[in-house]
Structure formats: C-alpha cells, structure tokens
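S.K.: Take these sequences, add in the hints, and give me the full structure.
Those protein sequences? They're chains A and B, same order as listed. Quick note: the first sequence uses the numbering used here, first residue 892, plus one each step. Quick note: the second sequence uses the numbering used here, first residue 892, plus one each step.
Simulated from the structure, these hints should not be mistaken for laboratory data. Hints may be right or wrong, so weigh each one.
Identical chains share a label here; the pair holds if one copy fits it or two copies do between them.
[Unchecked claim] Straight-line distance between alpha carbons at most 20 Å, and here's what the computed SDA-like set of lysine to any residue pairs gives: (1) Lys976 x Leu1108; (2) Lys1116 x Tyr1014; (3) Lys911 x Leu951; (4) Lys955 x Ser897; (5) Lys955 x Asp936; (6) Lys911 x Asp953.
In case you want the letters, here they are:
Number of protein chains: 2
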Amino acid sequence: MKLELSGHTGLMCLLGHPVKHSISPKMHNESFSLLGLDYAYLAFDVKEEQIGEAVAALRLFDAKGFNLTMPHKRAVIPYLDKISKISELTESVNTVVNQDGCLFGTTTDGIGFVDSLKEKDFYIRDKVITILGAGGAAKSIIAQSALDGAKKIYIFKRMNASFEETLSFAKKVEDATSCQLEVCDMADMALLKEAIDVSQLLVNATNVGMEDDKRSLVPKEYLRKDLFVSDIIYHPAMTTLLQDAKDAGATYQNGEFMLLYQGAAAFEIWTGKKMPIDEIKKSCFL
Amino acid sequence: MKLELSGHTGLMCLLGHPVKHSISPKMHNESFSLLGLDYAYLAFDVKEEQIGEAVAALRLFDAKGFNLTMPHKRAVIPYLDKISKISELTESVNTVVNQDGCLFGTTTDGIGFVDSLKEKDFYIRDKVITILGAGGAAKSIIAQSALDGAKKIYIFKRMNASFEETLSFAKKVEDATSCQLEVCDMADMALLKEAIDVSQLLVNATNVGMEDDKRSLVPKEYLRKDLFVSDIIYHPAMTTLLQDAKDAGATYQNGEFMLLYQGAAAFEIWTGKKMPIDEIKKSCFL
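M.R.: Put into structure tokens, the structure is as follows:
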C-alpha cells in the first residue's frame, strides 16, 4: 500500500534510539493510505539528550502527532503541555497529539496490551494477574489493567535501588483504582508460585527471553492449562516462556498484537478514525 | 506514482512561507518513486525568524537535503556550514545537501533558468541579455548566465535604496567572470529600448504580471521576432509580456520549466541521479 505525498501532507513520526527497524511507520502509513488520510509517518533516531530539541522541531513543523519509544517515554514528559492520568501514574508517554499547538501526551501501551488479550477472548475485569517486571511497559500494563477492573496484581521485580519507587507507584495505582497491588521480590520463587497459582494471567514484561536469550523467569512446572501466559516480547515470536506455556497446554500470546493495538489506539487519537486492523494484521504482522 | 514508507525512509523537504501550494513535493516524491529511492519530501511552513530552528531540526532528523523558497533563500545562509561560489555571489541558497552532517548550500535557480532555455534550443554562451529586476531570482539568473559565458547583461531595476547593492553585486559578478554587466534605471525607457535592441534574450525576473496583474514592464513595440522572451512567472502561464511576445512572433517561455530544472538540479545534488524529466513533465507540468 502506498502514499501520494504533496505540499499538504502532514508529518507524523516515531522518536527513538534505535528506531529504524520499527514496524510503526509501515503500520501507520498503510493505514493512512487505506483510509485516504494525507499524512506521512517517519522514524527519527534521536538520542535521549536531544528529546527536547526533537519535540521543539515537531512543534515547528506542525506534526499532527508522534510516538515515543526507548529511551524517550519518560524523558519526553517535561517538554509536553499536558499529559493524561495514566501517563501521570506510569510516568510514561508513547503517544503525543498536537491539538492546535498544545502537545498532549498519553500512553497507549496499556490499552494495546489489554486490547490484544481480547483477540483470545481474555478480559481483564475481576482477574488476578502476576506480572514480571516494573519498567515502563510493565507500569503501563499494570495501570491500565487496574483502571480496567483487575482484582489483584502481583508485581515481581528485582530487589534493587528502584524497589522503593515501584512501591510508591503501586500505592498511587491503588489509590486511583479499586485494584489491589502487591510488590514482590523476584528472587522469592515460593511467592512467585503462590501468586501464579491464584492468577488467571501471567505476563512477562521484562526483557528476559528477548533475541538470543533462552532464559525464562518462570519454572515450567509453575504453568498450567487454565493460565493465560503473555510475553510482551515479539522477537523471537516464541520465547522459552511461551514454549513452556504451549507445552503446558496454556493459552499464550507474544507482544506483536500489543504493538498493533497500541498503534491502533494512537492512530485513533490522532485521526479520530479506527485503524483498519484486519488489513494491517495481514500486511504487517502475519 | 506513490511511495512506500518505512522506518528507513529519509526526510527531505521544502521550507517556505507560504509553502503548501508548491509543486516541489510532488515533483521530488514522484522522482523518488520512479527511481526506487527511499525518501519522503514534505513542505514545512516556517516563518523567516524560525529558519535557524528549522535548520537545526533538519540536522537533528538527519534530513538528506532540503530546498528553500521565500523568505528563506538569503536568511538561511548563516545556519549552513558551507556555500557555493554562486551562492556567495548571489547571497541566495535554494538547495542544501547534508554531507555526513555538514550542510552545504547552493542555488540551482540559475541552472534551472539556463537549462529551461535549452528546451527551446537557446544557449546562453556569447549572448546579450536584458533582465528586468535584481532580486534573488534575478541575481541567480544573472550570475549563472555570466558563469555560463553570456557576453553582456543589462540589469534594469528601480532606482531605490538597493540600487547601490545591485551595483556592488554586478561588480562582483564582473570580477568573477568574463561577462560585462550594466545596471540601468528601470524608468529610462529609451535605454531599455536600446538594450533590448542589442539583446537576444529578454527576461522578466520581477513579479510584475503575476496572478491578476495585467501589467508588463516592456512596451510591446520593443519586442521583435528574433528576440527570446522569458518570464519567470508561471501563474498565470501566459503573462501580458508573453502574450505580447507571442503577438510579435517571438519565441517565449514562462517560468514552469525553470521550476522543473532547478528541482532536477537539486535532485541530482542529493541523490547523484538524474531526475526522470520526461515523466515529471507529464505528471507535474503538462
């Protein structure tokens, strides 16, 4: 699917470092083309210390919207005019929309995650969740799940310098929602087993298992048939955790559709239109 | 002709104010598409006082090249790393190429003009030229014609505050080339007639005749069959000057192909490849 560009074509983009490999430009440009919207979505490799200049540049060029990926999701916040409630909670922004010169930031990572589960008929409301990791992606998933009515979330993270900060994040989410949160030490394997045993959903939101990393943080004997196992990694498509889930007869999903649905949510914020999901799945993900 | 954009697609653009109506994006994007080059060319409306920020933004986004139109052709110069000889002479830059982070500026307006005349088998070498106007476009035409071997150029301009500056420009061009230049008062109609009588080429490089302006600076009785009459205006396609030239049986040409060939020259500077002129003529100009 291709675009015809003119002097009227509006700029949209992704800022990240690295960024050139991202599927987002293809996903959005194809959607613009399918819906006849006059935008071009590019990817700009911008270092962390340049994020302020990059935002100023996008204001100058009157970009309608842009996405942020590593390492900018938190660093971008001081340069925006306003951020959403969930971005306040997670201190993370992946989507910015330019509303007549006012830059509004939010994160669609959590929505992307929650929407991706619906593909396999899994709904967050009243569920108990065990999540591994407490970084930006994990926080977005936690906050969105709490907002969407999850009953309890166990957060397992390494006992390091940022443990206090995770406790404070969990407290903020608890105060803002009716969800119960418990922050646990990743090294406590007995507690991990207990948490998984009472959970309907297990999420890996760490980078353990990415690329050539064959590790999984969860012993395969902790998995079971009626557990939904989600890994937000999509390279490789099948991590060791997902392979173990498959072997256990569990339902499982990698991070591809989270990527698709976070993009779809951003697309709708910018354009007011639904992304043509079925076509984009075919051309970008299958 | 359409483009397929990805995370690897490079940015190019036009900076101007106003700028959205420009044919340049269509011309360059179609050429990229025809030659399979992975760039997207957009137009950014940037005010004169923002040109420094805009250049910084294009450095940050690693744009491979960009064009300048009004009001930036002179204002951009302090923000570039190096400019060509002809840009030094004319104090005008319409094309910038990013050579591994070093921004090199030049003007292809003069080349565009000279190349456009070749369409009608007119060659500048050894010719005598009368040109009306001494603004940026006029200077580029004068300097390029002098560099390309014109014998003599009569420059007619209004006797105003910038007359001294035009004299100084003419002196610089004379010193740099073997062309003789004479700066004349636009109000001196007898001198205008004398100059046209000894010229093979008459050029209107003022905006008299643009849009709804039906005036011509040249009495129609000054025109003759063996004079080439060029108007750099292209809206309207047929100015009063060109209509008078037609009536006099002269060869004439408007500014469309100057626009085409300045773009073709810029395209080659950026990509090292020839613009597919015949296809671009058909899709953008005919």
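S.K.: Now tell me, hint by hint, if it's right for this structure.
M.R.: We went through each hint and held it up to the structure:
no.	hint	verdict
1	Lys976 x Leu1108	neither (31 Å within a copy, 64 Å between copies)
2	Lys1116 x Tyr1014	within (17 Å within a copy, 82 Å between copies)
3	Lys911 x Leu951	between (23 Å within a copy, 15 Å between copies)
4	Lys955 x Ser897	both (16 Å within a copy, 18 Å between copies)
5	Lys955 x Asp936	both (19 Å within a copy, 14 Å between copies)
6	Lys911 x Asp953	between (22 Å within a copy, 13 Å between copies)
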